[in-house]
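S.K.: Spelled out from the first residue to the last, the chains are:
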Amino acid sequence: MVPKNYIQTLAKKNTRADGRKFDEFRKPITVEYSVSAKSAEGSARVTIGDTVVVAGVKTELATPYPDSPDEGSIMVNAELLPMSSPEFESGPPSIDSIELSRVVDRGIRESKALDFKKLCLRVGEKMWIIMIDIYPINASGNLFDAAALAAVAALKNAKFPKVGEKDVIDYKNLSDKSLPFTFMPVSCTVLKIGDKFLVDPIRDEELAADARLSVTFTEEGKICAMQKGGQKQLTHDEVLAMIDLAAVKAAELRKCL
Amino acid sequence: MTYIRTDGRKVNDLRPMEAKVGVIKNARGSAMFKIGKTIAYAAVYGPREMHPKFMQNVERGTLRCNYNMMAFSGSGNRVRPGPSRRSKEIGLVTQNALAPVIDLTEYPKTVVDVYIELLQTDAGTRCAGICAASLALADAGFKMKDLVCAVSCGLVGDTPVLDLDYSEEAYEGGAVDVPMAMIPRTGEITLMQLDGVISREQLQRAMELAREGCQKIYEVQKEALRAKFSSMEVEAGETGVSSPPSKGNREA
Chain A
1 MVPKNYIQTL
11 AKKNTRADGR
21 KFDEFRKPIT
31 VEYSVSAKSA
41 EGSARVTIGD
51 TVVVAGVKTE
61 LATPYPDSPD
71 EGSIMVNAEL
81 LPMSSPEFES
91 GPPSIDSIEL
101 SRVVDRGIRE
111 SKALDFKKLC
121 LRVGEKMWII
131 MIDIYPINAS
141 GNLFDAAALA
151 AVAALKNAKF
161 PKVGEKDVID
171 YKNLSDKSLP
181 FTFMPVSCTV
191 LKIGDKFLVD
201 PIRDEELAAD
211 ARLSVTFTEE
221 GKICAMQKGG
231 QKQLTHDEVL
241 AMIDLAAVKA
251 AELRKCL
Chain B
258 MTYIRTDGRK
268 VNDLRPMEAK
278 VGVIKNARGS
288 AMFKIGKTIA
298 YAAVYGPREM
308 HPKFMQNVER
318 GTLRCNYNMM
328 AFSGSGNRVR
338 PGPSRRSKEI
348 GLVTQNALAP
358 VIDLTEYPKT
368 VVDVYIELLQ
378 TDAGTRCAGI
388 CAASLALADA
398 GFKMKDLVCA
408 VSCGLVGDTP
418 VLDLDYSEEA
428 YEGGAVDVPM
438 AMIPRTGEIT
448 LMQLDGVISR
458 EQLQRAMELA
468 REGCQKIYEV
478 QKEALRAKFS
488 SMEVEAGETG
498 VSSPPSKGNR
508 EA
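So the sequences go chain by chain: A and B. Each residue of the first sequence is one higher than the one before, counting from 1 in my numbering. Each residue of the second sequence is one higher than the one before, counting from 258 in my numbering.
Looking at chain A on its own, in the form it has when it is part of the complex (with noise of 0.2 Å):
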């Protein structure tokens, strides 16, 4: 583990313990699609750097909720597995995993990247609950913009199940049927250490980090979800300038899908 002023120190000197720009993605970045496609209906493996990310994608199907007959769900799960990383530890959710599904499924619901209305069979009836569960395989920084990059390829790599008599689900034969997605969002975390903005931190950056922004973009470059961490404040001008480097950053991580 790096000392924390160390990080600092180097970060006023324009610099970083790789040696990377502040705006510079650790590489490779990849994306393999059907890594559990006996399993799951949509699966995908993320790489940035060292951290390794799998999400894959189940569907079941249940009655609509009341105040949304007409429409379907999805559910987003992260756990934060104890073996990527030694930090994490068994037992229930950590409060960082709960963090990271919720702005994870942010990105995805809020932003309406999925037709909710197409997710719906009979109305008040039948619905598709899209589950998406996300698992760090290997840890090292950036699991945020890893986590929501990784769920969106598995869900542009899902098929539904057929569907039989009774509304019972084959989960063995696929149809050819993507799920209704309207676009990609693409998020990009920003982080602030001391007067400097940075982009793809490693572990150790997150941890001497002031503050952070996480931004998801919709295809045409709007913001459709964000996420303040870190415990210190931001001024407004600050907040822009994140998100205009988070705005061209995203933009190339979209290209990797």
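Hints are computed from structural coordinates only; laboratory data are not their basis. Note that the coordinates shown come from a computational prediction; the quantities given were computed from them, not determined experimentally. Virtual Cβ for every residue (Gly too), placed ideally from N, Cα, C. Watch out, some of these pointers could steer you wrong.
Unchecked claim - Listed next, the stretches of chain B that the computed footprint assigns to chain A, with coverage defined by at least 3 CB atoms under 8 Å from CB atoms of chain A:
{"hint": "1", "region": "292-301"}
{"hint": "2", "region": "319-331"}
{"hint": "3", "region": "341-355"}
{"hint": "4", "region": "375-384"}
Claimed, not checked - Straight-line alpha carbon distances no greater than 25 Å define the calculated DSS-like cross-link-like pairs of lysine-lysine that follow:
{"hint": "5", "chain 1": "A", "residue 1": "Lys4", "chain 2": "B", "residue 2": "Lys282"}
{"hint": "6", "chain 1": "A", "residue 1": "Lys112", "chain 2": "A", "residue 2": "Lys156"}
{"hint": "7", "chain 1": "A", "residue 1": "Lys156", "chain 2": "A", "residue 2": "Lys255"}
{"hint": "8", "chain 1": "B", "residue 1": "Lys366", "chain 2": "A", "residue 2": "Lys38"}
{"hint": "9", "chain 1": "B", "residue 1": "Lys277", "chain 2": "B", "residue 2": "Lys310"}
{"hint": "10", "chain 1": "B", "residue 1": "Lys402", "chain 2": "A", "residue 2": "Lys27"}
{"hint": "11", "chain 1": "A", "residue 1": "Lys177", "chain 2": "A", "residue 2": "Lys118"}
{"hint": "12", "chain 1": "A", "residue 1": "Lys38", "chain 2": "A", "residue 2": "Lys222"}
{"hint": "13", "chain 1": "B", "residue 1": "Lys400", "chain 2": "B", "residue 2": "Lys267"}
{"hint": "14", "chain 1": "A", "residue 1": "Lys156", "chain 2": "A", "residue 2": "Lys196"}
{"hint": "15", "chain 1": "B", "residue 1": "Lys267", "chain 2": "B", "residue 2": "Lys282"}
{"hint": "16", "chain 1": "B", "residue 1": "Lys366", "chain 2": "B", "residue 2": "Lys277"}
{"hint": "17", "chain 1": "B", "residue 1": "Lys277", "chain 2": "A", "residue 2": "Lys27"}
{"hint": "18", "chain 1": "A", "residue 1": "Lys117", "chain 2": "A", "residue 2": "Lys159"}
{"hint": "19", "chain 1": "B", "residue 1": "Lys267", "chain 2": "A", "residue 2": "Lys21"}
{"hint": "20", "chain 1": "B", "residue 1": "Lys485", "chain 2": "A", "residue 2": "Lys38"}
{"hint": "21", "chain 1": "B", "residue 1": "Lys402", "chain 2": "A", "residue 2": "Lys38"}
{"hint": "22", "chain 1": "B", "residue 1": "Lys282", "chain 2": "A", "residue 2": "Lys177"}
{"hint": "23", "chain 1": "B", "residue 1": "Lys267", "chain 2": "B", "residue 2": "Lys402"}
{"hint": "24", "chain 1": "A", "residue 1": "Lys172", "chain 2": "B", "residue 2": "Lys294"}
{"hint": "25", "chain 1": "A", "residue 1": "Lys159", "chain 2": "A", "residue 2": "Lys118"}
{"hint": "26", "chain 1": "A", "residue 1": "Lys118", "chain 2": "A", "residue 2": "Lys172"}
{"hint": "27", "chain 1": "A", "residue 1": "Lys177", "chain 2": "A", "residue 2": "Lys117"}
{"hint": "28", "chain 1": "B", "residue 1": "Lys294", "chain 2": "B", "residue 2": "Lys345"}
{"hint": "29", "chain 1": "A", "residue 1": "Lys27", "chain 2": "A", "residue 2": "Lys12"}
{"hint": "30", "chain 1": "A", "residue 1": "Lys177", "chain 2": "A", "residue 2": "Lys228"}
{"hint": "31", "chain 1": "B", "residue 1": "Lys294", "chain 2": "A", "residue 2": "Lys159"}
{"hint": "32", "chain 1": "A", "residue 1": "Lys177", "chain 2": "A", "residue 2": "Lys166"}
{"hint": "33", "chain 1": "A", "residue 1": "Lys112", "chain 2": "A", "residue 2": "Lys126"}
{"hint": "34", "chain 1": "A", "residue 1": "Lys159", "chain 2": "A", "residue 2": "Lys228"}
{"hint": "35", "chain 1": "B", "residue 1": "Lys294", "chain 2": "A", "residue 2": "Lys27"}
{"hint": "36", "chain 1": "A", "residue 1": "Lys162", "chain 2": "B", "residue 2": "Lys294"}
{"hint": "37", "chain 1": "A", "residue 1": "Lys228", "chain 2": "A", "residue 2": "Lys4"}
{"hint": "38", "chain 1": "B", "residue 1": "Lys294", "chain 2": "A", "residue 2": "Lys156"}
{"hint": "39", "chain 1": "A", "residue 1": "Lys166", "chain 2": "A", "residue 2": "Lys118"}
{"hint": "40", "chain 1": "A", "residue 1": "Lys255", "chain 2": "A", "residue 2": "Lys21"}
Place chain B on chain A using the hints.
M.R.: For chain B alone, kept in the frame of chain A given last:
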């Protein structure tokens, strides 16, 4: 009536295998083991301090295994995340399957954690997990007598077979599943479970298949270790694959 395997395998054929060590950078040791469509990852952390304290063993380190299926890795509905009675039991028998080969006397009061995660499943998950875990322990450099190889054998209909896949476990005419783990050099058994009804003769035949199968798995495992370590200078341990880890080079 003789059962003919739907995927064209002979009764003593394993599904295609793939093994790789060093796949998780943060871990002291790690491995991926794939057999057919079942894919297991394993990572080893420690030795690190055992909590709670009363569980510490003053004579040697404790091996602790944790088995988990990813929520999307089942063959039907989503698997509810979190520990189940099934996953807890598999963690326990995995621990017992690996304990006989590993020497943790150098690390009293500590725990060595083994985490097994299933990415995709088509039966034989605990065996794939054990194969991956024993590779991960060797990758971590612990003193080991040998690797551990595991495979299921059993009956499909009345036919003794090796390495049942999910369709065979669910065979209409009935199936018996016998997961086994062995120390390949001695043939000693470190895990044995059985689900179903089988005669002594049939079981003996199935066990023979498992013994042969484990030798083939052993070759795949050794090859995976060689692929990582052949380019490195390794002090040959008793098995030629292990050298003792220096304490705490990865763990704070």
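S.K.: Decide if the proposed pair is consistent with the structure: Lys177/A and Lys118/A, CA atoms, cutoff 25 Å inclusive.
M.R.: holds (12 Å)
S.K.: Keeping to a limit of 25 Å between CA atoms, is the pair of Lys159/A and Lys228/A held or broken?
M.R.: Given that 25 Å is the threshold and the Cα spacing comes to 33 Å, the pair is violated.
S.K.: Does Lys294/B pair with Lys156/A here, judged by a C-alpha cut-off of 25 Å?
M.R.: Given pair Lys294/B, Lys156/A holds - Cα atoms ~22 Å apart, limit 25 Å.
S.K.: Just to be careful, I want the Cα atoms of Lys282/B and Lys177/A compared with a cutoff of 25 Å; is the pair within it?
M.R.: Distance of about 37 Å is beyond 25 Å: violated.
S.K.: Given the proposed pairing of Lys112/A with Lys156/A, does the C-alpha separation stay at or below 25 Å?
M.R.: Since the Cα atoms of Lys112/A and Lys156/A sit roughly 15 Å apart, the hinted pair holds (cutoff 25 Å).
S.K.: What's the verdict on Lys402/B and Lys27/A, does the C-alpha distance respect the 25 Å limit or exceed it?
M.R.: violated (39 Å)
S.K.: If you draw a straight line from the CA of Lys117/A to the CA of Lys159/A, is it 25 Å or shorter?
M.R.: holds (17 Å)
S.K.: Is it true that the CA of Lys166/A sits at most 25 Å from the CA of Lys118/A?
M.R.: holds (20 Å)
S.K.: With the threshold set at 25 Å, check whether the alpha-carbon distance from Lys172/A to Lys294/B stays at or below it.
M.R.: holds (14 Å)
S.K.: Regarding the pair Lys156/A and Lys255/A, is the alpha-carbon distance no greater than 25 Å?
M.R.: holds (14 Å)
S.K.: Would you check the hint for Lys162/A and Lys294/B, treating anything up to 25 Å between C-alpha atoms as holding?
M.R.: Roughly 21 Å separates the two Cα atoms, so the pair holds.
S.K.: Mind checking the alpha carbons of Lys27/A and Lys12/A for me, to see if they're no more than 25 Å apart?
M.R.: With Cα atoms ~24 Å apart, Lys27/A and Lys12/A stay inside 25 Å; holds.
In this structure, the hints that do not hold are numbers 3, 8, 9, 10, 12, 13, 14, 15, 16, 19, 20, 21, 22, 23, 30, 34, 35, in rising order.
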